[in-house]
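Asks: Construct the complete structure from the given sequences, taking the supplied hints into account.
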Amino acid sequence: MKKIQQKTKRNPLSVLRQAIRGVTPDITVKARRVGGLTHQIPIEIGSTQGKELTILWLLAASGKRPGQNMAFKLSSELVDAAKGSGDAIHKKEETHRKAEANRAFAHFC
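For what it's worth, my numbering labels the leading residue of the sequence shown as 12, then goes sequentially.
Worth flagging that the hints you see were computed from the coordinates, not collected in a lab. Keep in mind that a hint or two might mislead.
[Said to hold, decoys possible] Calculated lysine-lysine pairs in the DSSO-like style (CA-CA distance at most 27 Å, straight line):
1) K75 to K18
2) K20 to K62
3) K14 to K84
4) K94 to K84
5) K62 to K109
6) K94 to K109
[Said to hold, decoys possible] Between beta-carbon pairs, the in silico distance windows are:
7) I66 to R43: 21 to 31 Å
8) K41 to A82: 31 to 41 Å
9) H101 to A42: 20 to 30 Å
10) F119 to P77: 23 to 33 Å
By construction, the Cβ of each residue, glycine as well, lies at the ideal position given by its N, Cα and C atoms.
Replies: Next up, the structure:
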């Protein structure tokens, strides 16, 4: 939290909340086999599952960053997510694009 405050000069809890709100997905895709083909079915997810995915994405994106200290990498990813950039935000956008592309299969749920 100190690293976030040093980087942004803002309250670190508000930065954390803003990052989580920005990365949390509303919809995701689930693989489902229909007639011998596997379709990516878009499904809405609840807030609990969305926050779980958010934390997983933030940790995965932090682990990919260069450097040795995980605290520094996580704080950098949180600051980037709060600004609307970073790998976790790209993961959310990619998931939403997949769901939009496979909207025709939504009736298979």
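Asks: In ascending order, which of the hints set out earlier in this document are inconsistent with the structure?
Replies: 10
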